[in-house]
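Novice: Given next are the chains, with one letter for each unit.
Protein chains: 2
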Amino acid sequence: MKGIRGVLAQRNLREVQGIVEKALIEYVDERSEDPAMKYAKDILLAGGKRFRPVLGCLAYEAAGATLDDKMLRTALSAEIIHTATLVHDDIYDQAKLRRGRPTLHSQHGIAHGIISGDYLFTLGYWLGAEQGPEVIKVLAETCIGLANGELLQFDHIGDLGTSPEDYYRIIDGKTAGPIAGGCKVAGMVANADQEIVEALESFGWEVGRAFQMVDDLLDLTGNPRMGKPRGTDIYEGKMTLPIIHALTTLHGNNRENLEDVLMDFSEDRWDELIELLEVSGSIGYVRSLIDSHIQRAVESLAILPNSGQIELMIEFARKSALRST
Amino acid sequence: MKGIRGVLAQRNLREVQGIVEKALIEYVDERSEDPAMKYAKDILLAGGKRFRPVLGCLAYEAAGATLDDKMLRTALSAEIIHTATLVHDDIYDQAKLRRGRPTLHSQHGIAHGIISGDYLFTLGYWLGAEQGPEVIKVLAETCIGLANGELLQFDHIGDLGTSPEDYYRIIDGKTAGPIAGGCKVAGMVANADQEIVEALESFGWEVGRAFQMVDDLLDLTGNPRMGKPRGTDIYEGKMTLPIIHALTTLHGNNRENLEDVLMDFSEDRWDELIELLEVSGSIGYVRSLIDSHIQRAVESLAILPNSGQIELMIEFARKSALRST
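Chains as they are written, first to last, in the working numbering: chain S, 2 to 326; chain Y, 2 to 326.
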């Protein structure tokens with residue numbers, strides 16, 4: 002009865018999230034004496050999707066292991082490093098809110114934001130290093146990819162010639178890589194065969210790409226119900242896939258208009274922008290690309306034995322493609 | 002002939018520094034494909050004292066090992082993490098110059114400064130993790146102590162009631178801890194006995210404390226020949242040991258005057274400040290404390306077999322107490 006082994010087999014996604022959350026709360030408590038934790042714990046415990054650790058725990062059991070403290074700490078490592086990057090991103094993005102709360106640096110100052118982020122990186126690497134040098138190597142490569150993706154994104158700010166290839170390099174570094182790394186590490190800690198580890202990693206790459214593309218679309222549609230503003234990427238000049246696609250597809254007047262809208266954007270130009278993206282078919286194009294990445298994610302799991310955990314991973318992937326926050 | 006074993010036995014300090022420098026240049030080259038290295042390499046290769054890696058290499062051989070690639074990478078780990086903290090410190094200290102060159106963020110922007118610092122942390126932890134979880138544990142504890150020391154220093158900005166105990170907690174976290182950690186790790190990587198590892202760590206603590214106190218004095222005296230400005234700490238309201246001592250020692254009018262000078266400092270009040278520090282005997286007091294920490298550093302090495310490396314460590318410690326930059 003391979004399919005129902007493991008403590009997550011009979012759970013739903015919310016329950017897996019609850020297990021991760023509990024482990025995180027315990028770990029924050031374990032480090033509560035650190036002065037830096039006073040600043041860092043708010044954002045650590047402010048909710049969030051726990052996307053990376055939930056997928057990591059599921060991947061671990063899908064690879065044949067049973068969730069234990071070792072994997073939970075590995076999963077926390079990914080979540081804490083992710084949080085470190087959010088704290089630092091918020092500083093240079095000058096973001097005021099994160100997960101519905103004031104950002105760390107806007108509340109306590111830039112120094113405290115930088116230092117608390119560094120502290121979180123330290124905790125994350127430490128937790129990862131408990132699993133040995135192979136795991137830390139994956140974490141390190143992931144973080145180097147992340148830095149590279151962020152820097153590449155800066156290079157392409159306002160660059161209307163950004164290609165789809167540039168786009169993939171950016172999102173593979175900053176979004177898909179960390180998710181792929183989390184899934185890969187789960188397989189490694191589970192001592193799974195190389196081909197299983199690679200399958201889990203592929204799953205992470207594909208889900209991660211879809212995840213970022215959904216983000217790109219959400220920036221265009223926003224979600225007023227969740228208080229999520231739209232257009233942040235447009236104002237910052239970030240070249241998201243719908244924009245890159247429209248710039249490539251449109252010609253003549255439409256292309257000129259789009260360029261003008263992007264270079265001189267304001268709230269009263271939303272209708273103009275959306276209309277151009279409809280003419281170019283860019284929103285539909287990105288949606289179909291999201292579906293195709295999710296499909297490939299699902300397919301990459303085919304070599305793993307069927308299990309409740311695999312079903313949850315697939316459910317997670319599909320839901321992430323439909324999310325509105 | 003225990004005393005002359007090891008590749009550093011017949012070297013002088015400058016030669017050891019040269020070996021470290023060469024290893025660093027090679028490592029930077031090894032990572033030259035990383036886009037983040039484009040920004041980080043300037044500060045990495047801008048000189049600096051290489052205090053931590055030089056001491057680490059000497060401690061390694063003093064503990065009976067022979068300098069090898071393993072130790073050089075461990076030593077680079079400490080240096081690169083140190084550089085990461087400098088890049089980040091310079092952002093929130095709004096420093097324009099570091100090692101005589103424009104700071105990373107002042108040249109490339111805050112985002113690039115934060116991201117490059119994160120990248121350097123990653124490299125440092127990765128190099129450390131190659132030596133196993135015990136080494137990364139020491140590095141992580143050191144970095145947590147560093148964050149704690151920095152945060153504590155902020156808590157005491159402009160706090161005229163800062164005690165010598167507060168001061169030691171700050172400098173142990175931000176300066177002495179990383180030096181002690183570097184020496185400790187060298188002993189661990191050398192597979193030395195526990196008491197040798199502890200002796201090397203003690204040496205690091207004592208040298209590190211002296212090192213920070215010299216920094217405190219240099220901030221008061223400056224070094225116009227080296228273009229080093231004086232008074233940075235005073236302007237920022239940092240409570241350095243000479244100031245804490247003077248605030249504790251002076252009474253009546255003198256104490257009131259000192260408080261006034263500190264709270265409302267300007268270039269034309271230097272004479273007033275120095276005179277008060279002379280009346281309180283604070284500069285002499287700090288100098289004698291530096292001597293005593295160096296003395297204790299030297300004594301802590303007594304259990305190690307005498308060697309050229311030990312002599313170089315002692316020379317290094319004594320020179321650091323007399324340095325003018």
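No wet-lab data here; the hints were simulated from the structure. Glycine included, every Cβ here is placed at the ideal spot set by N, Cα and C. Treat each hint with caution, since some may be false.
Said to hold, decoys possible - Each computed BS3-like pair below joins lysine-lysine, with the alpha-carbon atoms no more than 25 Å apart:
| no. | chain 1 | residue 1 | chain 2 | residue 2 |
| --- | --- | --- | --- | --- |
| 1 | S | K39 | Y | K23 |
| 2 | Y | K320 | S | K138 |
| 3 | S | K239 | Y | K23 |
| 4 | S | K138 | Y | K239 |
Claimed, not checked - Selected chain S positions facing chain Y (Cβ under 10 Å, derived; list incomplete):
| no. | residue |
| --- | --- |
| 5 | Y28 |
| 6 | R32 |
| 7 | I116 |
| 8 | Y120 |
| 9 | K138 |
| 10 | L140 |
| 11 | A148 |
| 12 | D156 |
| 13 | D160 |
| 14 | G162 |
Novice: Run every hint past the structure and note whether it holds.
Specialist: Verification of the supplied hints:
no. : hint               : result
1   : S:K39 with Y:K23   : violated, 41 Å
2   : Y:K320 with S:K138 : violated, 38 Å
3   : S:K239 with Y:K23  : violated, 40 Å
4   : S:K138 with Y:K239 : violated, 39 Å
5   : Y28                : violated, 14 Å
6   : R32                : holds, 8 Å
7   : I116               : holds, 5 Å
8   : Y120               : holds, 4 Å
9   : K138               : holds, 7 Å
10  : L140               : holds, 8 Å
11  : A148               : holds, 4 Å
12  : D156               : holds, 8 Å
13  : D160               : violated, 15 Å
14  : G162               : violated, 18 Å
Checked against the numbered hints above, the structure violates hints 1, 2, 3, 4, 5, 13 and 14; every other hint is satisfied.
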